[in-house]
Amino acid sequence: MIALCDDQDSTAADLVAALEQDATFAANLLRFANSAARAHPIRAKTVRQAVMLVGRRALRRLALEAATFRFLERAKGNGRASCGQLHLHAITVALGSAAAAEEARVAADNAHLGGLLHDVGKLVLPLVFGEDECDALAREFPTGAERVLAERERFGIDHAQCGALLAERWGLPAEVASIVAWHHGGPTGVGAPNNDIAAVQIADSVAAMLLGHEPDHALLEVALQRLDLSADVLDVLAASSSPASQSQDVGRLAQRVSELERLTQTDDLTGLANRRHWLQTVRAALRDGGVGSVLLCDVDHFKAVNDRHGHAAGDLILTEIARILGRHGHAGRLGGDEFAVWLPGNLEEAAIAAQRIMAQVQEAFEAGSGPKVDVSLGCSSAPMHGDELADLLEAADQALLDAKRAGRSRAMVAGMECSPHAGDLAA
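Counting with my numbering, you get residues 110 to 536 for the letters of the sequence shown.
For the record, the hints were derived by calculation from the structure and aren't laboratory data. You may find that some hints are simply not true.
To be verified - No farther apart than 27 Å at their CA atoms in a straight line, the calculated lysine-lysine pairs in the DSSO-like style are these:
id	residue 1	residue 2
1	Lys154	Lys185
2	Lys154	Lys481
3	Lys481	Lys412
4	Lys412	Lys154
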């Protein structure tokens, strides 16, 4: 999943296909997309909707959390006194680190990864100095600066330094290794050289307080000053530090299969035929003497919805409308919020389909569950309005314009309304 998110050539359909092979991860994604913390006006009901609402960056983070959680949960020594529940602590600190960075309006990716791995050195010390010895030290000095100082005195190195060496050995970015090395304040215990390190230090303090421990107040104050944050932000970060991957067994994700032909024919966002492929398909049908109709569909006031609720909500609206249109014929996305459908059959059948499309759009975006969404449609038919696709598109486009001039939320054909106003459909 991480590789798919990083691959600029992968599509939303690729991500959905991979997620559908892992029911546990898919369920976590849906819970995250609909969580109160996100406070999104539209609830995701399917994996595809969750992918559209969350976006690649957040999906990548969730996948990274899941992979790290599984690694730490199964790591030798996890659960002992010297390590604690590393898998749970790692997710809590990672979420808090990203939230702290976002509160400070700085980049969060390194802080998130550093938060995941900040305590990985706790797995290394017992391998070198013995589990019993490390457990005894941890019982005497459970957390914070006292533990780090005790490790240095007894072993000549602390778990933060060990973790940084391991991060370097793994080939992780130097910025991440630095976060691991400095998460307890470095040599002085009160150092926060950069924003990423400060975000992890704050999140680590919040995690300690959530477990009832006293944080390192001096280091916390330095880290807050580094990010220009006040102590009031700690409550916000505590609410953000709820692990999405806790107690989850992350299954294997399906390996992506590259389908070059499909990619060249499919709209990345909606999964429908792209403009070029739709035009080619309909022209071929008309050349073969096909009798059918063209429906052009526009989302009413889409720019206003997009501006008010954000691009993620706009993308979700487009994908839902695309799914509805795809049930009725060969649907394609011509660009932006404009869609087209080729429906074999006569004009009467096309008019019935238009009514059903409008009713299904109204049902999908029922009042109270998010922004009000309606569509306008223009219809033309072959051979009534011509045998060439250019003629059909011109006629359908004029009908669509008529529908908008008549008040939107309706379907028209050549100046004649072929469906009632959407407000009357539920009656």
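Results for each hint:
1. Lys154 - Lys185: violated (38 Å)
2. Lys154 - Lys481: holds (17 Å)
3. Lys481 - Lys412: holds (13 Å)
4. Lys412 - Lys154: Holds, at about 24 Å.
Violated hint for the displayed structure: number 1, the only one.
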